[in-house]
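Keeping their order, the protein sequence lines are chains A and B.
In terms of full-length UniProt numbering, the first sequence opens at residue 1 and continues consecutively.
In terms of full-length UniProt numbering, the second sequence opens at residue 1 and continues consecutively.
These are computed hints drawn from the structure, not numbers from a lab.
Fair warning: there could be bad hints in the mix.
Stated by the list, open to error - Quick look at which bits of chain B chain A covers, simulated, 3 or more residues with Cβ under 8 Å: (1) 15-27; (2) 41-52.
As the list claims (entries may be wrong) - Pairs of lysine to any residue residues, derived as SDA-like cross-links and limited to a Cα-Cα distance of at most 25 Å, are as follows: (3) B/K10 to A/R134; (4) A/K66 to B/K78; (5) A/K393 to A/E20; (6) B/K10 to A/P138; (7) B/K78 to A/L128; (8) A/K71 to B/V18.
We put the CB at the ideal spot given by N, CA and C, even for glycine.
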Amino acid sequence: MRRVVVTGLGMVSPLGCGVEPTWKRILNGESGARPIESFDVSDLQTKYACTVVRGDGSNDTFNPDKWMEPKDQRKVDDFIVFAMAAAGQALDDANWHPESEEDKCATGTMIGSGIGGLNGIADTAILLKERGPRRVSPFFIPGRLINLASGYVSIAHGLKGPNHSVVTACSTGAHAVGDAARLIALGDADVMVAGGAESPISRIGIAGFNAARALSTGFNETPEKASRPYDKDRDGFVMGEGAGVLVLEELDHAQRRGARIYAEVIGYGLSGDAYHITSPSPDGDGGFRSMSAALKRAGLTPSDLDYINAHGTSTPLGDEIELGAVERLLGNAASKVAMSSTKSSTGHLLGAAGAIEAIFAILAIRDNVVPPTINLDSPSVATAIDLVPHVAKKREVNVALSNSFGFGGTNASVIVRRLVH
Amino acid sequence: MSDIGERVKKIVVEHLGVEPEKVVDNASFIDDLGADSLDTVELVMAFEEEFGCEIPDDAAETILTVGDATKFLEKNAKS
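In isolation and in its complexed conformation, chain B is listed as follows (with noise of 0.2 Å):
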């Protein structure tokens, strides 16, 4: 897994409380981590923390499992 991955991985155990194990690429956060729809806006607003960037609403959207989150950050990723 990429670096930015792992950054993502963290961020996902760290604010769902889930074990490591299920963070994996095809996960879902709402399906399978237990995310409700107020988690999954604080996640994307910790990754932007996290990676210095801006996800616009309708980019969020397509954010929904955490590989979506990984291949969308290490493209807009700045930090």
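Bound conformation, chain A alone (with noise of 0.2 Å):
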């Protein structure tokens, strides 16, 4: 199999627009939740999220019309315009703007979204039911299918290898650079520029998801409390928006043209719970199948790991399955392995978080250096494993793992390395 390496990154997140903006507030240990303002909050349960930040681009504010033409971002729901914003990044910062038509049919897309479309699927059946089917825009369904974030991708650049997209709920970004790695290293494409986007920040979307209380509730006063993996006082997950996107390539062809290379994509795991829609499996076998089969993948053992990026969304149930299924995978080697739930700081981005969080697990490799998980104050279980509390860390890190795990009871995780010669 053909090695798969990463060479470029983008992102927008709820602390800012870029990667390494986001990623040095991380370290810094801050959050980016706060009130929503957007839309009205008085009658929802949770009336706080971890929102993007528009503005004029300025103090690494969202600034759309540099991502999108204003009349197009008219057109789609905001996921879109979020996957057109971290895949023009990952593109620039990789260096790779296919001009040949060999070169554009060797590079694809796989950007993914775990909800897509909610506020135009909404506002737009208001519409039909209060003035008719004659209303409807031509584009509502174009701009609100999942697939259209790689449908814009794809144009935009002119990418006219694989055009795909995942839809695996809170599993999408990591099962988006698992495949897309796949089909490199298969000889589909020789470039992939994959990940995930998410704009589920609505009235829908957070009464949806306070109905199947899978919310933060508690916080209303101090939102930058709310997402506090693993401590006792955890109450559901913060819902968060943005976009992170990867630029995935072929080795020798990233070698060739000299191309900055981040780490290897080394491992990639897949597993179903076959147990409850919305409920992790108590005994947490899910993750620790798809954490084993990224591993045997790889090639490695658990102590080759040095980080872990968990899943920890700062549910009440769900952060504990995750950490006895990574000490059940650690064994001995737990003490020796940092693991932190970077949705501490950033909230949940569902469909977007896999994406994100790989490019954190790179980041670690890059800068050797763990980042926090904050708020957590304390652990609701005593575990071997440095859970990275309020600060991150200096230590090397050569070998991560990221996880992510989704309604429907898929999982997915997904191992990058250093790159050694």
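Since each chain sits alone in its own frame, please combine them into the complex, following the hints.
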């Protein structure tokens, strides 16, 4: 199988527009959670989220006009605008702008989303009921479809290779990275623009996740304290929005053109819980098997892992189940591994989470630092694993694993390693 | 230009994201202003909304330029 490396990174997150601003704030232990101001929250249980801060681009704010024409932004839900921004950044970062027909055909897209155009669907359903079918826009369908994130990116950059998309709830981003890497490994493409995008923060999104008892509700006065994975006072996840996109590339292709290589994607594992639509299996076996499969693919043993970017969403059930699965996986190696949840800072970006977290795992390797789990004042269980409370830690990181688990009992684990020749 | 012409122009500028100077009577939505077939459907919907009238599909098919739209709406506008 061909080897696959990461040569470009792009991101829009609640901590800023761009990979470096986000990473800097994560290492500083900052939170992206804030009161929701863009719609009425008076009757919603949860009145806060990790929102992307829009602006003119100064102070790392997100200026959508930089990435997509205003007339096109109108036609789509925000997840597509986020995807366009993150993909544009990643391609610039990789310095890969295919011009020849051959290069265009060798470059594909695989950007997914958990929910896609939820807001647009809700708004248009109201319009249909109130004004009738003749008022439904011709852009209603193409502006909500999940794979149109890939579609818009493919059209904007002339990428004529595989044009694909993933929809696996909160595992989407991880599956996209893993599946895109496989397309390269198997020779279907030389370069893939892969990741996830999500824009779920809306009345219907909050109401839906509140109804499913998944969201944090108890921190309306102190939103920045709400996302607290492993802490005894955690009460659900904090919804986030944004996108993460990686440029994945076949190793020789990257080396021939002198691309900067961040890391190699060496392992990818997938599994299903076959248990419940929203709850993880109490024995954590699904997560255990996806991590084991990724390690097997990488040809590594658990003791080779330096850092795990946990799924760790800050839900009462999920965090401890994942922790148990990781302890089972690591055995005696538990005390040598650091595991943190960057969702403590970014909130849960659902379908984009696996993509931004794969990027954080890569940056942990680049900078030999592990990001913190903020708000972890009192862990609800004792563990030998270093959960990196509050403060980032310098330590050697050569191999990092990122977990993502989604509704429907879908699990994905991606392993990246510093490039060794 | 008539008041209706001005309102048509404003809608075209907004929906197609083009420079106002380019929106002249003989400008074709598709050939000169960069619209695609979906854009033209949306434009017609915007005209219906603004002018409170219904534009049947067979009439919509004859509205190819800014001037076509203004002429049609000068006859059919209800608001």
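Status of each hint after checking the structure:
1. 15-27: Held - the region 15-27 of chain B has 3 residues with a Cβ nearer than 8 Å to chain A, which meets the minimum of three.
2. 41-52: holds (count 5)
3. B/K10 to A/R134: Status holds; Cα separation ~22 Å.
4. A/K66 to B/K78: violated, 39 Å
5. A/K393 to A/E20: Judged against 25 Å, a Cα distance of about 17 Å means the pair holds.
6. B/K10 to A/P138: Within the cut-off at roughly 20 Å; holds.
7. B/K78 to A/L128: Judged against 25 Å, a Cα distance of about 23 Å means the pair holds.
8. A/K71 to B/V18: holds, 9 Å
The structure shown violates just one earlier hint, number 4.
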